[in-house]
Amino acid sequence: MNTVGYKIKKGILYILLIILALLCLLPFLLMMINATRSGVEITTGFTFIPSSHLKDNWEQLFKFVNLFRGMGNSLMVAVPATILCGYFSSITAYALAMYKFKGNKLIFIVNVLFMMIPAQLSLIGFYNLCMTLGLVNSYIPLIVPAVAAPGTVFFLRQYVQATLSPALIEAARIDGAGELHIFHKIVFPIMIPGVATMSIGAFIGNWNNYLTPLILLNNPEKMTLPVMISTLNAATDLQSNQGAIYLGVAISVIPILIAFCFFSKYIISSISAGGVKE
Amino acid sequence: MAKNQVTTKSKQRNRNNVAYLFVLPFVVVFLIFSVYPVLRTLYLSFTSYKGFGDPVWLGLDNYKRVLTDKFFWRAFGNTLKIWGVNIVVQLGLAFLLTIVFSDIKYKMHGLPIFRAIYYLPNLIACTSVAFLFKTLLDWKYGSVNQMLISAGITSTQINWLGDVNIAPYVISIVGAWMWFGNSFIVLMAGVQGISTDYFEAAAIDGCGRWTRFFKITIPLLKPILLYTCITSLIGGLQLFDLPYLMNGPQGGTAGQPNGVLQTAVMYLYKFGFETRQTGYASAIAYTLFIIILIVSIIQFKWLGKED
Numbered sequence: 001m002n003t004v005g006y007k008i009k010k011g012i013l014y015i016l017l018i019i020l021a022l023l024c025l026l027p028f029l030l031m032m033i034n035a036t037r038s039g040v041e042i043t044t045g046f047t048f049i050p051s052s053h054l055k056d057n058w059e060q061l062f063k064f065v066n067l068f069r070g071m072g073n074s075l076m077v078a079v080p081a082t083i084l085c086g087y088f089s090s091i092t093a094y095a096l097a098m099y100k101f102k103g104n105k106l107i108f109i110v111n112v113l114f115m116m117i118p119a120q121l122s123l124i125g126f127y128n129l130c131m132t133l134g135l136v137n138s139y140i141p142l143i144v145p146a147v148a149a150p151g152t153v154f155f156l157r158q159y160v161q162a163t164l165s166p167a168l169i170e171a172a173r174i175d176g177a178g179e180l181h182i183f184h185k186i187v188f189p190i191m192i193p194g195v196a197t198m199s200i201g202a203f204i205g206n207w208n209n210y211l212t213p214l215i216l217l218n219n220p221e222k223m224t225l226p227v228m229i230s231t232l233n234a235a236t237d238l239q240s241n242q243g244a245i246y247l248g249v250a251i252s253v254i255p256i257l258i259a260f261c262f263f264s265k266y267i268i269s270s271i272s273a274g275g276v277k278e
Numbered sequence: 001m002a003k004n005q006v007t008t009k010s011k012q013r014n015r016n017n018v019a020y021l022f023v024l025p026f027v028v029v030f031l032i033f034s035v036y037p038v039l040r041t042l043y044l045s046f047t048s049y050k051g052f053g054d055p056v057w058l059g060l061d062n063y064k065r066v067l068t069d070k071f072f073w074r075a076f077g078n079t080l081k082i083w084g085v086n087i088v089v090q091l092g093l094a095f096l097l098t099i100v101f102s103d104i105k106y107k108m109h110g111l112p113i114f115r116a117i118y119y120l121p122n123l124i125a126c127t128s129v130a131f132l133f134k135t136l137l138d139w140k141y142g143s144v145n146q147m148l149i150s151a152g153i154t155s156t157q158i159n160w161l162g163d164v165n166i167a168p169y170v171i172s173i174v175g176a177w178m179w180f181g182n183s184f185i186v187l188m189a190g191v192q193g194i195s196t197d198y199f200e201a202a203a204i205d206g207c208g209r210w211t212r213f214f215k216i217t218i219p220l221l222k223p224i225l226l227y228t229c230i231t232s233l234i235g236g237l238q239l240f241d242l243p244y245l246m247n248g249p250q251g252g253t254a255g256q257p258n259g260v261l262q263t264a265v266m267y268l269y270k271f272g273f274e275t276r277q278t279g280y281a282s283a284i285a286y287t288l289f290i291i292i293l294i295v296s297i298i299q300f301k302w303l304g305k306e307d
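From first to last, the protein sequence lines stand for chains A and B. Here my numbering is used: the first residue of the first sequence is 1, the next is one more, and so on. Here my numbering is used: the first residue of the second sequence is 1, the next is one more, and so on.
What the hints contain is simulated information worked out from the structure, not anything from laboratory work. A hint or two may mislead.
What the hints assert, rightly or not - Simulated crosslink set (PhoX-like; lysine-lysine; CA at most 20 Å straight-line):
#1 B:K105 to A:K10
#2 A:K222 to A:K63
#3 B:K50 to B:K270
#4 A:K102 to B:K9
#5 A:K7 to B:K105
#6 B:K50 to B:K64
#7 B:K70 to B:K81
#8 B:K11 to A:K102
#9 A:K7 to B:K107
#10 B:K301 to B:K64
#11 B:K222 to B:K301
#12 B:K11 to A:K100
#13 A:K9 to B:K107
#14 A:K9 to B:K105
#15 B:K107 to A:K10
#16 B:K105 to B:K215
#17 B:K70 to B:K270
#18 A:K100 to B:K9
Construct the entire structure; sequences and hints are all you get.
Structure, rendered in structure tokens:
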């Protein structure tokens, strides 16, 4: 097998794979380098050597937007939404998987149905509802709906059925434990790997969400990071300095890059798990 | 004994009643924030609602208007064009990578690290990706043109986002760049679920790589392929963030140049949130949904037959 031809072919495949990997990383590298260059330097050509204008770009950018405020706002939405999604999806999934009650099947079917419905179908009704309830410019419509996440409930229901043994619950009942107590002390700890997988996805989705905050938030003080970044489009005095725009994008991207270094294994296993279910 | 049974039964009933309490928060929030908006949109699609006052019932008028609205169909066509090229590149690349990494002869190393790098662009907010590429592809000062010119590949600057013949495909490619890693992971997970025995047996029988691919990999991957195609179509017809932010000098729903970057959801957004023809926008949403539904059913039948 180890002929020269085989080795050359294998080498070529590796080179192609590495080129593709570089194409994935190159835009981020250019972004970081250009964030340190002045607008004039950027117009004259590109280079891989960082320049010294990071501070100027920073000052110019923050005169226009306070991206750290946007980051704080995004955290204020994404953290509670993720926690609500994780907790309430688990308890719902557990009830659907392990209890017999009237309506169980109906809830499950409607849940699956809503997994297939595209978001734009509810967009107008959702906005209309938020107007009626006086929730425009509030974080409530961005956080509370996380309580009902059909995809997460579906995944966790399968997860409970696969990992939780009914005998364990029976044993706890004989010991006289209450139902909610059983969920908190026995079931939830067992579900944690599945919940963590879904929570990573939920957090990223909430952190990156654009369309819903775009229609709901028009007060600049309240804007989440993606909405704030999109306002750079209209900043004509920034357009003259592309360095500041690169820096703005870089600030929004770098936290995710850092998080990815730590969590990539979990993130990727969560997608594999999501794709294999049929 | 009999008494005991009765108490066990009533205990069981009480226990199952607790389940209602467990699902209650989900059901309440689901009804308010998921079911109601969808039904409300449906109701508004039959009215002349303009964002305030009382909706006036119009029957099917909005739908008639959608069907004859040539700008809606243009936006729909744009979406299909952008999505079509995107999906071919995205799935094609993911398939090639799956073949390379699952090849029993070459046994490529480094799958975890390559997979992680290929997946990375998925995690970045669409808004950031849009801005990054908009700036990199700027025809005057963007790094892409500067690199191409200094490498001698082109002598004049290419107007990536300003040329009607190029711009839609640029969006497709940026989308493929963002999402191919996800398709790759999903397909690879599917292939790893196929026993290598099949491939080895086929290899012993003298089947080449492509025969193995078409006779073993594709048929066994069918459910996952179906899942990927349907989710990608649902996602693709909802394309909004990238073209909304990357078109024209300041983004927006016009889809410059010449409206070629105006997607169906951008068109919906224009009526729903800019000109406030809420009723009409709702009808656009439902028309799109019906189209997605029909295409999904066709895909389902087409990929699901032969079994």
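Here is how each hint holds up against the structure:
For the suggested pair B:K105 and A:K10, the alpha carbons sit about 10 Å apart, so the restraint of at most 20 Å is met. Taking the CA atoms of A:K222 and A:K63, the gap is near 17 Å; set against the 20 Å cutoff, the hint holds. For a cut-off of 20 Å, the pair hint linking B:K50 to B:K270 stands: about 13 Å separates their Cα positions. A distance of roughly 16 Å separates the Cα atoms of A:K102 and B:K9; the hinted pair therefore holds under the 20 Å criterion.
The straight-line distance between the Cα atoms of A:K7 and B:K105 is roughly 11 Å, inside the 20 Å bound, and the hint therefore holds. Note on B:K50 and B:K64: the hinted pairing holds, with a Cα-Cα distance of about 18 Å set against a maximum of 20 Å. The straight-line distance between the Cα atoms of B:K70 and B:K81 is roughly 16 Å, inside the 20 Å bound, and the hint therefore holds. As the CA atoms of B:K11 and A:K102 are separated by approximately 16 Å, the hinted pair is consistent with the 20 Å bound.
Taken as a hint, the A:K7 and B:K107 pair is honoured in the structure, with Cα atoms around 12 Å apart against an allowance of 20 Å. At roughly 29 Å between alpha-carbon atoms, B:K301 and B:K64 are farther apart than 20 Å, so this suggested pair is violated. For the proposed pair B:K222 and B:K301, the alpha carbon gap of about 12 Å is at most 20 Å, so the pair holds. Distance check on the hinted pair: B:K11 and A:K100 sit about 13 Å apart at the alpha-carbon level, within 20 Å; holds.
Between A:K9 and B:K107 the alpha-carbon distance is near 12 Å, which keeps this suggested pair within the 20 Å criterion. Using a Cα cut-off of 20 Å, the hinted pair A:K9 and B:K105 holds, with the two alpha carbons roughly 11 Å apart. Our distance criterion of 20 Å between C-alpha atoms is met by B:K107 and A:K10, whose separation comes to about 9 Å. Between the alpha carbons of B:K105 and B:K215 the distance comes to roughly 17 Å, so the proposed pair stays at or under 20 Å and holds.
For the proposed pair B:K70 and B:K270, the alpha carbon gap of about 15 Å is at most 20 Å, so the pair holds. For the hint pairing A:K100 with B:K9, the CA-to-CA distance comes to about 13 Å; that is within 20 Å, so the pair holds.
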